[in-house]
Amino acid sequence: MAKMLYSATMSVDGYITGPGGDMSWLTEHIGPNPLVDRLIRDIGALLVGNRTFGGDDPHRGTDKEGKPFGGGWEGPQFVLTHLAPATPVPGVTFVGDLMEGVAAAKAAAGDKYVNILGAEVARQCVEAGVLDEILVFVAPVLLGDGVRLFEHAGGARVRLERLSLTETPAATTIWLRVVR
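If you're matching positions, the sequence shown starts at 1429 in the working numbering and goes up one per residue.
Calculated directly from the structure, the hints in this document are not laboratory data. Model, not experiment: these values are computed from the prediction. Beta carbons: idealized from backbone N, C-alpha and C, even for Gly. Misleading hints may appear alongside valid ones.
Stated by the list, open to error - Restraint ranges, calculated between C-beta atoms of paired labels, are given here: (1) Glu1528 x Gly1482: 34 to 42 Å; (2) Met1429 x Thr1490: 32 to 40 Å; (3) Pro1516 x Gly1582: 20 to 28 Å; (4) Thr1594 x Ala1514: 42 to 50 Å.
Model the full structure from these sequences, guided by the hints.
Here it is as structure tokens:
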């Protein structure tokens, strides 16, 4: 059975995008990382927020632009949105309901991970009790503004258990399990 994994690179002050959704800050922090290489092999499907799907790309202006993990991964993508485009996008299914998207992505992933991309979808998965793990790459930078890794109006306490902690020149990596 597929597990639901939220992965993101985050600044030390907790942001996964800069102001206005800017992802250019991430470009200098993308580099060889054996953990990312292993993770990509273990992803069976993506569950992506619409803002992330149509947003900025740290690979902007390169041949890697618009490709998940800069072209390092290919497979089924499920984008959570209430406004699907009129023109189909190859390999992408647009879904209007979180649980419908979770079920479809899990079915497509088989026994691999469904990788969640986007803070809003991750928050919804936490609230629905379907998020299993979180993988955070902490980049050595302060952004001061942007989209936070996790934000819940009024606060929310989500218990986590650390599975691993590793370091590379580009980031400190924390892999966590959601405690239910």
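Legend entry - Numbers of unmet hints, in rising order: 1, 3
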